[in-house]
Every structure is written in C-alpha cells, then in structure tokens.
Amino acid sequence: MNQSKKLGVQYLTASIVMMGALLLFGLLASIFYLKYGFLLGKLDFNIVKQVHINALIIACLWGFMGAIYWFLPDELGIETVGIGLARLLFWVFVAAVAVVVVVFIFVQYGSSDESGMWLVNQGRKYVEAPRWAAVGIVAVFLTLAYNIFASVAKARKVTGIMGVLMTTMIPLIAVYLIAFPAPTNMSVDLYWWWWLVHMWVEATWELMIGCILALALMKLLGTSRKVVEIWLYLEVALVLGTGILGLGHHYFWIGTPQYWLSIGGIFSALEPLPLLGMVVHAIYDAGKHQMKTHNKPAFLWLIAEAFGNFIGAGIWGFMMTLPQINLYSHGTQWTVSHGHFAFYGAYITGIIAVAYMVAQESRGIREVQGNAWKWAFAGLNIGMVGMVGALLVSGMSEAFIGRALGGSTLDGFMASQSNSWFMQGMIARTGFGVIIVASYFILAWDLLTLGRRSEKLSPALATT
Amino acid sequence: MPESTAVVFEPGAGDPRFWRDGAIATTAFMLLVLLLLTVDSLRVLTEGGGGNVPAYTVINQKITYEFDAASNMDKPVIGGEELLFGHRYSEAEAKAIMDKGKLVIQSRSCINCHAFFGNGAYYAPDLTKAWLDPTWEKMWMPMTQAKTREDAMVQFLMHPDRYPTWARQMPNLNLSEEEARAVTAYLKWISSVQTNGFPAGFGRREVAR
Ligand code: HEM
Ligand code: HEM
Ligand SMILES: [Fe+2]
Chain L
1 MNQSKKLGVQ YLTASIVMMG ALLLFGLLAS IFYLKYGFLL GKLDFNIVKQ
51 VHINALIIAC LWGFMGAIYW FLPDELGIET VGIGLARLLF WVFVAAVAVV
101 VVVFIFVQYG SSDESGMWLV NQGRKYVEAP RWAAVGIVAV FLTLAYNIFA
151 SVAKARKVTG IMGVLMTTMI PLIAVYLIAF PAPTNMSVDL YWWWWLVHMW
201 VEATWELMIG CILALALMKL LGTSRKVVEI WLYLEVALVL GTGILGLGHH
251 YFWIGTPQYW LSIGGIFSAL EPLPLLGMVV HAIYDAGKHQ MKTHNKPAFL
301 WLIAEAFGNF IGAGIWGFMM TLPQINLYSH GTQWTVSHGH FAFYGAYITG
351 IIAVAYMVAQ ESRGIREVQG NAWKWAFAGL NIGMVGMVGA LLVSGMSEAF
401 IGRALGGSTL DGFMASQSNS WFMQGMIART GFGVIIVASY FILAWDLLTL
451 GRRSEKLSPA LATT
Chain A
1 MPESTAVVFE PGAGDPRFWR DGAIATTAFM LLVLLLLTVD SLRVLTEGGG
51 GNVPAYTVIN QKITYEFDAA SNMDKPVIGG EELLFGHRYS EAEAKAIMDK
101 GKLVIQSRSC INCHAFFGNG AYYAPDLTKA WLDPTWEKMW MPMTQAKTRE
151 DAMVQFLMHP DRYPTWARQM PNLNLSEEEA RAVTAYLKWI SSVQTNGFPA
201 GFGRREVAR
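So the sequences go chain by chain: L and A.
Residue 387 in the numbering used here is what sits at position 387 of the first sequence, and the numbering runs on without skipping anything.
Residue 132 in the numbering used here is what sits at position 132 of the second sequence, and the numbering runs on without skipping anything.
Each hint should be verified, as a subset may be incorrect.
Below, simulated EDC-like cross-link-like pairs (lysine to aspartate or glutamate); rule was C-alpha separation at most 20 Å, straight line [unchecked claim]:
(1) A/Lys100 / L/Glu361
(2) A/Lys95 / L/Glu114
(3) A/Lys95 / L/Asp113
(4) L/Lys219 / L/Asp74
Here are a few chain A residues that sit away from chain L, every Cβ distance over 10 Å (derived from the structure) [what the hints assert, rightly or not]:
(5) Gly22
(6) Ala70
(7) Gly79
(8) Ala92
(9) Phe116
(10) Asn174
Some, not all, of what chain L presents toward chain A, calculated at C-beta under 10 Å [what the hints assert, rightly or not]:
(11) Ile53
(12) Phe106
(13) Asn185
(14) Ser187
(15) Val236
(16) Leu238
(17) Gly241
(18) Ile244
(19) Gln258
(20) Trp260
(21) Phe267
(22) Leu327
(23) Leu405
(24) Leu410
(25) Trp445
Since the hints were derived computationally from the structure, they do not count as laboratory data.
Note that CB positions come from ideal geometry on N, CA and C, so glycine has one too.
Just chain A, with the same shape it has in the complex:
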C-alpha cells in the first residue's frame, strides 16, 4: 500500500535504468555544448587572435583602462607607442620575455599571496591591472628614485623588503634583474586583457585609508 510521500521521494518507483539513461543523455548533451563553447572561447582567448587577448607585442604600446558607456563596463584601451625599458620588442622577443615572466611567476608561487583575474590568494593585491595602478607614479617612482614606471617596478620587485610601506610586506624572492624585467613585461601585457569589466572602477575611485 504505497503512501503518497513514497511516490514523491522514490522517483519512478520502477526501473533505475530509466534514470540511468536520463543521466547519460543529460551528461552527453552538456558535454557537447561545453565542447562547442570551448572551441569558440579558445579563439577569443588566443593572444593576438583578435579576441579579448592582445598579442604580446602590446607591451610596445600605451595601455589604459577606461569606462565604456556603450557596453557599461571598464575596458582596456590600447593607444600609441609607449616602449617598455626603451626597447621595441619584436614578436619573438616579446614571446620570449613573456615565457620567462610566466615561469618566474610560477616558480616564486606569486599566486599564493596575490591573484590574477581574481584567482589565487587574497593576502596581497590582485595583479590583473597592477601595471596601471596609480600608486606607481604617486608613490613608488619617487621612493625608488626611478624615472619610469617600469624601472620603479623592477626596483620594487628586486628589493621589496626595502620599501615597507603598507599594512603588509612582500618578502624578497631573490629575483634577478632579468627576472624582474620579465615579470614587469608580463604585468604590462596582462593589464591589456579585456575582462568583461573586472575589476570595476579601477583607478577611477579612491577610498580613504
């Protein structure tokens, strides 16, 4: 004598195979959709593919992050020439320095304090737009006595322990000058990626400390 609740809680009450086939069909369909979306997404994500990710040679240009009223989100804007370390990187040179920068970032486990695109750890600031941070010009350039933003970054990355300015301090990770330059180039490139508006309002807002 089946009660009504039993019907609710024991779906199908009959054959488990019906549910099994349903599970297989659902999974297969979702996987297919994911595969199609992946093909399209990888096209958009490829560097220099005309999608959201500029070519590595974008480090030869000026990058800003501005609010775009039409799409109602902040977007990177690629401007005219603005060389990095006074050098115009060829395609191969840019690729080489990016490869290096990425390996430095991995070998020093940066993302276990910082984050990129908000992924990583939250002990230290997100680095997605670090290249564009107003603080470089306001604070670090005078402090490191560097003439350019990139030189200030290299100085800081090589000797973070010399500039204990904030509520938290970054350890010295023994970066060589070559490694610090590679990371700086990587940070410049990554700031040019179009991220659907994350982080919102970057550089346009100020909060009292």
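Bound-form chain L, shown alone:
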C-alpha cells in the first residue's frame, strides 16, 4: 500500500476513535439535564459540552482528511507529493488534540487575559481550542492543501473533482483565519464567527464531502465520471448559490441590519435544493446499477448520507430558517435537534461509508460480510432519529413556554426547563443516546475486525 493510503487509514481510524469520545461526552452532557447538581464544581456542563463539540469538529476533519489521502493516489495515479511531512504531522496533530483535551478537562479555565486565550481556552463555540493549537491546525490545513496542489501539478491532471476539491481548500483556511481576532464587540465577533461556522458546514464541508462521495460513488457503483462531475458542478452552483447568502439566517438577531431578515430567510430557504438533488442522484444511480455492490454497508451508509443530509440539514434546517419562526426557536433545544441531525446525516454517515470502503480495500476483502454492520447501521440510525425527535419535542415546548409565553426572561427559561414535555424529551434523548453509544461500539468492533474474522475463509474469498 502506498504512503498516502496508509495515512488515509490512520486518519480514518483516528476519526472513528474520536467519534467514541464525541458520543461518550455527549451522553455525559445529557445527564446534566436529568440530575440536579451533577458533577457541579468538578466537571461542569460547559466543559463536558465543549469537549463534545470539539470532538465532533476533529472527528469530521480527520474523516475528510483520511478520505482525501486515501482517494488521492487513485484519482491522480501517483503517490501524493509531500506525504512524508503529512505523515509526520498526523502524529503531531493527534498529540496536540490529546493535550488540548487533557487541558480542557483538568485545567478547565484560564486567566482572563491573552495568555488564557493562548494556553487554555478561547471560549468561543466550536473553536475553544487554545490559540497555539489553532495555529497548529492551520499548519495541518496548509500541508493538506500543499499535498493536493503539488500532486495535481505533478500528475498534470486536473479532473473536475480535483478542481472542486482544490477550490474548497481556500475557504477551509480563509474563514478559519477570519474568525480569529475575536473583537470585544460581541456583535462584530459573531458576525465573523458565523462566516466560519456557516461557511464551513453549509458550504465548504458540503462540497468536500460532495467530492469525497463522488469518488466513492465511482468506485462503489462504477458510475461514469461524466455523470458524477456534472452533478458535482450542479451541486457547487446550488450549494454556493443559496448557501453564501443563506449565511443571513444567522444574522437575524445579532445587531445586524434588518434586511438580513429577508435575505437570510429567502436564500436559506432554498438551501435544501442541492441536498434534494443529491438524494435524487443517489437513488437514480443505485437503481441504474441495480444496487450491485460488494460492499453493502458502504453503499447503505452512502444512501443514509443522502437522506440524512437532506432531512437533517435541509428539512430540519428549513423548519426554523424563516425569521418568523426563528424568533422563537432560535437558541433552544430545537436548534440542538437540527444540529445533531445535520452533522450526523451529512458528515458522520459519509465518513462511516468511506471507512467501510477503506477497510474492504486495505484488507483485500472481496465481499463484506457478517451481521454486525447491520446492527450498527440500524442502531445508530434509529438512535439518532429517536434522539432528534426527542430534542424536537423539548425544543418546541421550550420555544412555546420559555420564549413565546415567558418572553425569554430567567424566569421564563426556568419555567420551560421544568415543564414536563421538556423533561420527557430530555429523558428520551438520554435513552436514545445509550442506544447510539452501544451501536457505536458494534460499529467500531466491526470496522476493526472486518476481514480478520473467520469469514475471511469463506469460499468467495478462497478463490481469489
């Protein structure tokens, strides 16, 4: 196996491991809603939740990088340029993440000056990592971009997919840098912070996963390059055509001019279109190739991605993207419901699909077999749908009671939190969380032992 593919396996393995941390800390965070004074003063909710969402960002980034390093040599026909540096940086990256997590959990709070920002915690959602680590992440991104650009140059081959992938490297780095200065004025701070959060998850990452799944689709189903590329360009046009100004759905209430209510509302309401397009594409391709594949789990996770992305990001996002509704739903468990469904549906599912493809190819398995993957697939999807359903119930009651009736005061908020509809949703959320965690362990075990179990000796393989 060449170096780039080895690195791909490493990053994907790290991503799956990080998903474990994501889920365990999520489950832990959910208990705070059920038990008064849980871990108070020892490991507070904010720290647990912070580890939870940072694990999510890292798991996604590692998953994307793993997939890119894995597919790059196939697409370009050469070993990736500068792979030695990239392999070194992998270990630096892993070590840095470990240090950050230890600091979060054991140091918890820094001093309220620049040194606290550099060494302990920047205290801004999703980008809490201290500045030294953020600088490291930029170095990793730059190396990734260099690997891709230099390899394309050396191979003298710019495929359509590579063209789009190269383009995504620009916003990946640019909006990360833009969000850094963190000015004192919270309105300005949030203005730029949303460039990072929205432009990453609703534009840059959508296109990155689009490229990754396009490559996966060609391999998995043998879809023709021309068809895949036309779809990809269409996706780029629609995702960016709606998503760039769709940014406005985060500019309703932070002090921004009123015209954002209409601009954000209209453009973000169109954001589900490209996601619907991908569902159509997936179903069409699956039908055309009569779903013949030697890797059923990868194929089904790919389909789960198409639907999860459309429903979790598209429908759940649309539900509260119009300002008339967002005025009340904004910043409640309703938001959390969409956040979970979207990240899971759009990214986690896609990464799992690629992980199955990589496990198959790297271990020379002809036909993926066994039943474990079925349990993991069913458990994770049922658990996740149940969880976001529960969160939706809690979120709606919170919006009605805390916001609409209570006017968002401290009293109104607390009234909403002790309401029985709200509490039942929270209990159900933790219950489904347990199902998700259990299914995750089956998934991790299956990926780890695939092709290393007795099935390897099955007749199908014996002949190869």
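Chain A with the ligands: place on chain L using the hints.
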C-alpha cells in the same frame, strides 16, 4: 437510444464545462453581494457608529427594552444618566472594562452553558437582556442584600453557589471582584444592542412555574 428520464437526471448530457462555468459565475456573483452587504453591516455593527450598537459609554445611561409599535418589535431605549457602580466611565475606561469583560466571558467558557443573542448553549438562560431581567430586583437584590442591581449581579457572579434557587445551579467560576464587575458592565452594554426584536416580549410576559 436515450430515454426521457436520462435527459432529466443527466443534465446537459453534454459538456461538464458548461456546468462548471455556471458554478463559477454563480459563486462569484454571490460572493460579491455578500462583500457589499458586509461593508454595510459592519458599519451598522460598529460600537458607537450610529447603527444598532451603542458606544460602550452607554453603561453610564439608563437602558430599557420597550415595544415599538411603528416597527412592530421590541427595542432597547437609551434614557438619561444612570451610573454603574456610581462611576461615570470615560470612553477609555469604558473600553477597558469591556475588553476585560469579554475576556472573562471567554476564559470561563460562559457560552457553553449560556447564550448571547441566542448563540451558545441552552443549558442556562440567554444573557442578551440579562441586565434588564426583572428577577434582579424581585429576587436577587433582597437575597444578596445588595442596594443596586449591579451590586447584586457582582455578588451572584462571585458566589453563584451560595444562591441555589432554580432547577439548575451555576458553578463557582472563581471570578475576582474586578472580573465580576467587568462582566456586569459587559452585560449592561450588550442589553443596549438593537436586535430586530429578539427576544420578543422580554420582561412584558410572565409564565407560571
Ligand atoms: C449519545 C449521543 C449524543 C448525546 C446524548 C448528545 C448530547 C448533547 C448535549 C447534551 C449537547 C448540549 C446541548 C445544549 O447546549 O443544551 C450537545 C450539543 C451538540 N452535539 Fe451532541 N450528543 C450526542 C451525539 C452527537 C453527535 C453524534 C453529534 C454530531 C454528529 C453531535 C453534535 C452536537 C452539536 C453540533 C452540538 C451543539 C449543538 C447546538 O448547541 O446547537 N452530538 N449534544
Ligand atoms: C450539513 C449542513 C448543516 C449542518 C452541519 C448544520 C448545523 C447546524 C448547527 C450545529 C447549528 C447550531 C449552530 C450554533 O448555534 O452553534 C445550526 C443552526 C442553524 N441551521 Fe444548520 N446546519 C446545516 C444545514 C442547514 C440548512 C441547509 C439550513 C436551512 C435550510 C440550516 C438552517 C439553520 C438555522 C436557521 C440555524 C439557526 C438555528 C437557531 O436560530 O438557533 N442549516 N446548523
Ligand atoms: Fe447556517
């Protein structure tokens, strides 16, 4: 022999470059519009720029949040002088205390329980209008035996563990008095930002617990 469905699902059936150029043109246009809107938005967002965000010295004044029938939304109203901690902050002093307050908020990871303008976490109440919350006068001032709202806030922020009143409790984040004052000033300023009516009906509604 192309079937009709193939035409629908394989757009253009011809040259991918047509679609590529379309994607580039769409993106470029949208980015241009976003840049123009950003220039205008930053003007409105700059503190003391005459837009929606008052200067930091607004902490020397009285702030209320009232329903404005003309625009059909709740809006902050800046009134006459109402000093904070009995002190009239100069422009430089106000800037310094805001810088500090923001760093305290970041260093203690407040937004991973609370939210500002609805952004953050939802485990604890949104703090956008916390300064204006009726509870300070109704409950916290008597409880902390403070004479002013700001003193009650400082007391609470320094020792939240002493006042376990609600369904959830805030941990003690070891704020010094200086840090607690800075956060209080920050909360007063942020309550003056005009937010297109969010949160709606704040302080005008009451719900039974
Ligand atoms: C065992 C499963 C999980 C549980 C119990 C769980 C629980 C939680 C909790 C309690 C929060 C804090 C929300 C708040 O502020 O009230 C949270 C936030 C979040 N979680 Fe999870 N989580 C789980 C899995 C996941 C997964 C798989 C993802 C991504 C695919 C994810 C993504 C997020 C995100 C993005 C947030 C921030 C959302 C927001 O504030 O809008 N979580 N989660
Ligand atoms: C893969 C794509 C997407 C992901 C991963 C995603 C994730 C998220 C997350 C995590 C949040 C909470 C942000 C925070 O406050 O921390 C959020 C907010 C939001 N998203 Fe998405 N989203 C996606 C796509 C969409 C789409 C397509 C729409 C619209 C159709 C949408 C509409 C919204 C809206 C309106 C909010 C603000 C919620 C509020 O007011 O509290 N999202 N999204
Ligand atoms: Fe968004």
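Right, here's what the structure says about each hint:
At roughly 54 Å between alpha-carbon atoms, A/Lys100 and L/Glu361 are farther apart than 20 Å, so this suggested pair is violated. Proposed proximity of A/Lys95 and L/Glu114 is supported: the alpha carbons are some 16 Å apart, at most 20 Å. For the proposed pair A/Lys95 and L/Asp113, the alpha carbon gap of about 15 Å is at most 20 Å, so the pair holds. This hinted pair checks out: L/Lys219 and L/Asp74 have alpha carbons roughly 10 Å apart, not beyond 20 Å.
The beta carbon of A/Gly22 sits about 5 Å from the closest Cβ of chain L, which is not more than 10 Å, so the claim that it is off the interface is violated. Consistency note on A/Ala70: stated as away from chain L, and its beta-carbon is indeed over 10 Å from all of that chain's, at 13 Å minimum. Listed as a non-interface residue, A/Gly79 keeps its Cβ farther than 10 Å from every Cβ of chain L; the least gap is roughly 20 Å. No Cβ of chain L comes within 10 Å of the Cβ of A/Ala92; the nearest lies about 13 Å off, and the non-interface call holds.
Not every CB of chain L is more than 10 Å from the CB of A/Phe116 (nearest about 6 Å), against its label as outside the interface. Separation of A/Asn174 from chain L is inadequate, the least Cβ-Cβ distance of about 7 Å not exceeding the 10 Å criterion. Hint status for L/Ile53: holds, given a least beta-carbon distance of 8 Å to chain A, under 10 Å. Checking L/Phe106 against chain A: minimum C-beta separation of about 14 Å lies over 10 Å; hint violated.
Satisfaction of the interface hint for L/Asn185 is found here, the shortest Cβ-Cβ separation to chain A being roughly 5 Å, below the 10 Å cut-off. A distance limit of 10 Å between C-beta atoms decides the matter here; for L/Ser187 the minimum to chain A is near 5 Å, and the interface restraint holds. Hint status for L/Val236 relative to chain A: holds, with the closest Cβ pair at about 4 Å, below 10 Å. The closest approach between the C-beta of L/Leu238 and any C-beta of chain A is roughly 8 Å, which is under the 10 Å cut-off, so the hint is satisfied.
At a threshold of 10 Å, the smallest CB-CB gap from L/Gly241 to chain A is about 4 Å, leaving the interface hint in force. Interface hint at L/Ile244: satisfied, since its Cβ lies 4 Å from the closest Cβ of chain A, which is below the 10 Å cut-off. Taken as an interface hint, L/Gln258 checks out: its beta carbon lies about 6 Å from the nearest beta carbon of chain A, inside 10 Å. Restraint check, L/Trp260 versus chain A: the minimum CB separation of about 8 Å is within 10 Å; hint holds.
Look at L/Phe267: its Cβ gets to within about 9 Å of chain A, closer than 10 Å, so that hint holds up. Checking L/Leu327 against chain A: minimum C-beta separation of about 6 Å stays under 10 Å; hint holds. Hint status for L/Leu405 relative to chain A: holds, with the closest Cβ pair at about 4 Å, below 10 Å. The closest approach between the C-beta of L/Leu410 and any C-beta of chain A is roughly 5 Å, which is under the 10 Å cut-off, so the hint is satisfied.
Interface hint status for L/Trp445: violated, as the beta-carbon distance to the closest one in chain A is roughly 32 Å, over 10 Å.
In the structure shown, a violation is registered for the earlier hints numbered 1, 5, 9, 10, 12, 25, in ascending order.
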